[in-house]
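If you use the UniProt record's numbering, the sequence shown corresponds to residues 1 to 876, in order.
Simulated from the structure, these hints should not be mistaken for lab results.
All residues carry an ideal CB built from backbone N, CA and C; glycine is no exception.
You may find that some hints are simply not true.
To be verified - Here are the simulated DSSO-like pairs of lysine-lysine, each with C-alpha atoms no more than 30 Å apart in a straight line: (1) Lys692 <-> Lys522; (2) Lys691 <-> Lys854; (3) Lys750 <-> Lys766; (4) Lys828 <-> Lys715; (5) Lys586 <-> Lys522; (6) Lys750 <-> Lys829; (7) Lys586 <-> Lys609; (8) Lys692 <-> Lys603; (9) Lys343 <-> Lys689; (10) Lys522 <-> Lys496; (11) Lys691 <-> Lys829; (12) Lys854 <-> Lys689; (13) Lys472 <-> Lys377; (14) Lys288 <-> Lys603.
Claimed, not checked - Beta-carbon label-pair distances, calculated as ranges: (15) Ala798 <-> Glu415: 26 to 36 Å; (16) Ile228 <-> Phe755: 39 to 49 Å; (17) Thr591 <-> Ile228: 43 to 53 Å; (18) Gly233 <-> Val576: 54 to 64 Å; (19) Lys750 <-> Pro282: 41 to 51 Å; (20) Glu307 <-> Asp836: 27 to 37 Å; (21) Ser229 <-> Gln790: 10 to 20 Å; (22) Glu831 <-> Glu415: 36 to 46 Å.
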Amino acid sequence: MASPVKKRKLNGAKAATPQSKGLEYFFSKQKDAVSETSTSSPPNETPGEAATGLTDEQLARKLQAEWDREAANDAKDEGQNSPSDAEVAAQQVPGVSSDSEPVSKSPPTDIVVSHDPEPAAKRGSTLTLQSTGNAEDEVTSSIPLDEAPLTFEPAQYVPQLQRHWSAEGGNASYGLLTRCFVLVSATTSRIKIVDTLVNCLRILIEGDPASLLPAVWLATNSISPPYISLELGLGGSAISKALRQVCGLDNRALKAIYDKHGDAGDVAFEAKKKQSFTLRKPKPLTIKGVYQSLVKIATTQGQGCNEIKQRIVDRLLQDARGGEESRFVVRTLCQHLRIGAVKTTMLIALSRAFLLSRPPNADFPLKPISDLRELKKEELAEIWGRAEEIVKACFARRPNYNDLIPVLLEAGATEELLARCDLTLHIPLRPMLGSITRDLSEMLTKLQGRDFACEYKYDGQRAQIHCDERGKVSIFSRHLELMTEKYPDLVELVPKIRGEGVSSFIMEGEVVAVDRETGELKNFQALTNRARKDVAIEAIKVNVCLYSFDLMYLNGQPLLDRPFRERRELLRSLFVEIPHNFTWVKSLDATSGDSEHVLEFFKSAIESKCEGIMVKILDNLPTAPYTGDAEDEVSVGAEKLTTPKSKSKSRQRSKIGGTGDIDDKKVKSRRKPLLATYEPDKRLDSWLKVKKDYSSSFDTLDLIPVAGWHGQGRKAKWWSPILLAVRNEDSGSLEVICKCISGFTDTFYKANKEFYDDGLESGEPKNTHHQKPSFIEYSGPRPDVWFEPQEVWEMAFADITLSPTYTAAIGLVSDERGLSLRFPRFLKKREDKSIDEASTSDFLAGLWRKQEAKAATERGGKEQPIEEDGEDADQD
Numbered sequence: 001m002a003s004p005v006k007k008r009k010l011n012g013a014k015a016a017t018p019q020s021k022g023l024e025y026f027f028s029k030q031k032d033a034v035s036e037t038s039t040s041s042p043p044n045e046t047p048g049e050a051a052t053g054l055t056d057e058q059l060a061r062k063l064q065a066e067w068d069r070e071a072a073n074d075a076k077d078e079g080q081n082s083p084s085d086a087e088v089a090a091q092q093v094p095g096v097s098s099d100s101e102p103v104s105k106s107p108p109t110d111i112v113v114s115h116d117p118e119p120a121a122k123r124g125s126t127l128t129l130q131s132t133g134n135a136e137d138e139v140t141s142s143i144p145l146d147e148a149p150l151t152f153e154p155a156q157y158v159p160q161l162q163r164h165w166s167a168e169g170g171n172a173s174y175g176l177l178t179r180c181f182v183l184v185s186a187t188t189s190r191i192k193i194v195d196t197l198v199n200c201l202r203i204l205i206e207g208d209p210a211s212l213l214p215a216v217w218l219a220t221n222s223i224s225p226p227y228i229s230l231e232l233g234l235g236g237s238a239i240s241k242a243l244r245q246v247c248g249l250d251n252r253a254l255k256a257i258y259d260k261h262g263d264a265g266d267v268a269f270e271a272k273k274k275q276s277f278t279l280r281k282p283k284p285l286t287i288k289g290v291y292q293s294l295v296k297i298a299t300t301q302g303q304g305c306n307e308i309k310q311r312i313v314d315r316l317l318q319d320a321r322g323g324e325e326s327r328f329v330v331r332t333l334c335q336h337l338r339i340g341a342v343k344t345t346m347l348i349a350l351s352r353a354f355l356l357s358r359p360p361n362a363d364f365p366l367k368p369i370s371d372l373r374e375l376k377k378e379e380l381a382e383i384w385g386r387a388e389e390i391v392k393a394c395f396a397r398r399p400n401y402n403d404l405i406p407v408l409l410e411a412g413a414t415e416e417l418l419a420r421c422d423l424t425l426h427i428p429l430r431p432m433l434g435s436i437t438r439d440l441s442e443m444l445t446k447l448q449g450r451d452f453a454c455e456y457k458y459d460g461q462r463a464q465i466h467c468d469e470r471g472k473v474s475i476f477s478r479h480l481e482l483m484t485e486k487y488p489d490l491v492e493l494v495p496k497i498r499g500e501g502v503s504s505f506i507m508e509g510e511v512v513a514v515d516r517e518t519g520e521l522k523n524f525q526a527l528t529n530r531a532r533k534d535v536a537i538e539a540i541k542v543n544v545c546l547y548s549f550d551l552m553y554l555n556g557q558p559l560l561d562r563p564f565r566e567r568r569e570l571l572r573s574l575f576v577e578i579p580h581n582f583t584w585v586k587s588l589d590a591t592s593g594d595s596e597h598v599l600e601f602f603k604s605a606i607e608s609k610c611e612g613i614m615v616k617i618l619d620n621l622p623t624a625p626y627t628g629d630a631e632d633e634v635s636v637g638a639e640k641l642t643t644p645k646s647k648s649k650s651r652q653r654s655k656i657g658g659t660g661d662i663d664d665k666k667v668k669s670r671r672k673p674l675l676a677t678y679e680p681d682k683r684l685d686s687w688l689k690v691k692k693d694y695s696s697s698f699d700t701l702d703l704i705p706v707a708g709w710h711g712q713g714r715k716a717k718w719w720s721p722i723l724l725a726v727r728n729e730d731s732g733s734l735e736v737i738c739k740c741i742s743g744f745t746d747t748f749y750k751a752n753k754e755f756y757d758d759g760l761e762s763g764e765p766k767n768t769h770h771q772k773p774s775f776i777e778y779s780g781p782r783p784d785v786w787f788e789p790q791e792v793w794e795m796a797f798a799d800i801t802l803s804p805t806y807t808a809a810i811g812l813v814s815d816e817r818g819l820s821l822r823f824p825r826f827l828k829k830r831e832d833k834s835i836d837e838a839s840t841s842d843f844l845a846g847l848w849r850k851q852e853a854k855a856a857t858e859r860g861g862k863e864q865p866i867e868e869d870g871e872d873a874d875q876d
């Protein structure tokens, strides 16, 4: 029904505008019209037909009643208190059928004052139009979360926040976490990022401990550990549909915003600003509520699951207050939060937060802040460091915040945490990693004077095997993903290899595709042909053998602190070898004086189709000096090449102080004695890997393709050149390193264009963006299309150069220049690696230092680093 104003415009009336009347006047007129026609309506009129004659107020009340029933059903599903059917029915307008279909109405454009013709006792049904476009959480927006933790006092803000939260059920608001995300996203300083997270966590610890765990999950951009498969399963269409419905945008308007900004979160921010009013009053989001909504999305299955997921997404965007909450809700739904709160950063923040704050009902000791302020930077760094080591060690053994956070809330960052978060069967520990060496001579130099074991590095899949007393077996990948279903043949085999007296164990090994008759090794590609789920033993065509190399747990006792020689002896003496099914890695014990034997062993590994060898320290010698590289200097003869320090706070290699300052005076060396213990989630020189691809003249890097240009001539229909990046392990950003046009075949170009489709020809973009994502650092010429980062490519190159164009490792080797590659060449896709395992800027800087050290030796000790503009890196 057209409004009176619209009727005047349609009739072309030119009379003077009459005095405006209140909404009560129009509602009363509509009620009179309904009362006149209700007596004449046919008795057999259907509810749907009746709905078409509703007044605006009746229709709005009917929609409100339906939303209330929907909210009640959601509350029942989550086990929360929900309004009864009688309460819901009491909010409905008499005479309006609850089963009638809603009628589409245009979004309101004017502010409507509430009207309630009912008595005061029934004013719970009052209908209002709520302004949502700029409704920010004002209470949290003024909290200075980016202060230094030693000057920030949560007690000043917690009482006010608790009063604010009590009006909405008592749970911490999502606005607090959004405030933290905004401040973290606005800085590249690692110190500021850690400080902001620490302060936010302290407020939750003291004000609402129950919201701490979901806040940590949301801040780390996940909802479960890797070994528990919980995927949101949301496509971009679900989020686009929600934005259109909630914000009243059509496809054209939404696409225009996306083309301008390129980031889904930024699109949500802009779209939310265009939403003026809504009939339904938003219910402020809470940290627990958002996390529970994500879990419900991930666990919803069966018929109608897409509709249920869509309704949850709609509700999250409806209830988001202001643009910033909408931005980070959408980024969370897309699994691209990108605030720099990577695992290590979060663990550091947790350790510091629990040194300074504790929940109201806990009694673990705290460090007096007044005393900490008086400490020197080195002394403060030592206190921070001890707590960080405890928390990191616990998470490496039990990588699940659901296990870590409850114990932290009870015991804090104390030694008790280590005892309560130790190894557990069927929960994977994070694997120990080996450092890369360029060649055998470098390896022998690092391990001079030590006994070590050389082992074949098989071309297979690393596996962590758990077996308990009942024979239950769990198999985990190096990424901690559960892959028990992929290897039913190993599940059947593992209980049979236990020797006498072995009840339970955790061992590590390499699963390799083999010829079961001859035992001949096959490459990794053969292993990828096996299905990943629901594999039947009788249908297996690719046979595998488990080559074990370490034992971390035996009969209820962790073995991580035992030297490698002892762990290896237990492994080989207590388990039963089954040829071509289960055995031990082939190995050679040697010292740095056995260079000829080591070289022969390395050649035999290559001839056996292995990738190279692993070299591991056998015994603990705490007094033995380590002769490897120091962190900030490279020895060359009698000279020391000191690498430039960065002025960027985010790249300083010194300890982080609690006041935001950095100790530039004392550089801590890594020259510590190498131990033979198993160190979960650490990459140490006590394990070294020497692969056939590592040599002084042939280096490779694992890079991430992030953008491309339209090719020229014959390549005009493909992407060429392609922009590649390394990973900044601290910030989580991707730093562009070079363009590449070499090593690609026409078949590759065609498949790559189909995978990264800009939609100009097909009309359906896939894995591409028109705007640069905020987490990619690049300032060079604009590419034609940006890729969604998800692949890792192995790249060869001639050498590494300083570049004014590319940002890779900027601040680590030069204050103004990054690093680039000369003559990069594509080798292959690393399908066995995720982007979280791509080469890092720190690793790149280390290669550059070694390259410069070698060049200085060849030039007679004169350091003359090469500087390039990066353009020659693009030559064929």
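We went through each hint and held it up to the structure:
Proposed proximity of Lys692 and Lys522 is supported: the alpha carbons are some 17 Å apart, at most 30 Å. For the given pair, Lys691 sits about 20 Å from Lys854 by alpha-carbon distance, which is consistent with the 30 Å threshold. For the hint linking Lys750 to Lys766, the alpha-carbon distance of about 14 Å falls within 30 Å, and the restraint holds. Among the hinted pairs, Lys828 with Lys715 is consistent with the structure: their alpha-carbon atoms are about 20 Å apart, no more than 30 Å.
Of the pairs offered as hints, the one joining Lys586 and Lys522 holds, with about 16 Å between alpha carbons and a cut-off of 30 Å not exceeded. For the given pair, Lys750 sits about 15 Å from Lys829 by alpha-carbon distance, which is consistent with the 30 Å threshold. A distance of roughly 13 Å separates the Cα atoms of Lys586 and Lys609; the hinted pair therefore holds under the 30 Å criterion. Using a Cα cut-off of 30 Å, the hinted pair Lys692 and Lys603 holds, with the two alpha carbons roughly 9 Å apart.
For the hint linking Lys343 to Lys689, the alpha-carbon distance of about 25 Å falls within 30 Å, and the restraint holds. A C-alpha spacing of about 24 Å is found between Lys522 and Lys496, which places the hinted pair at or below 30 Å, so the restraint holds. Using a Cα cut-off of 30 Å, the hinted pair Lys691 and Lys829 holds, with the two alpha carbons roughly 17 Å apart. Proposed proximity of Lys854 and Lys689 is supported: the alpha carbons are some 21 Å apart, at most 30 Å.
Under the criterion of a C-alpha separation no larger than 30 Å, the hint pairing Lys472 with Lys377 is inconsistent with the structure, at around 50 Å. Distance restraint check for Lys288 and Lys603: the Cα-Cα separation of roughly 57 Å exceeds the 30 Å cut-off, and the hinted pair is therefore not satisfied. Between Ala798 and Glu415 the beta carbon distance is about 51 Å. The supplied range of 26 to 36 Å is therefore violated. For Ile228 and Phe755, the Cβ-Cβ distance of about 29 Å falls outside the hinted range of 39 to 49 Å, so the restraint is violated.
Under the hint 43 to 53 Å, the C-beta atoms of Thr591 and Ile228, about 44 Å apart, fit the expected range. The beta-carbon spacing between Gly233 and Val576, approximately 43 Å, falls outside the hinted interval of 54 to 64 Å. Checked against the hint of 41 to 51 Å, the pair Lys750 and Pro282 passes, with Cβ atoms roughly 48 Å apart. At about 33 Å, the beta-carbon gap between Glu307 and Asp836 stays in the expected band of 27 to 37 Å.
Range check, Ser229 to Gln790: about 18 Å between beta-carbon atoms, so the 10 to 20 Å window is met. Evaluation of the 36 to 46 Å hint for Glu831 and Glu415 yields a pass: the beta carbon distance comes to about 42 Å.
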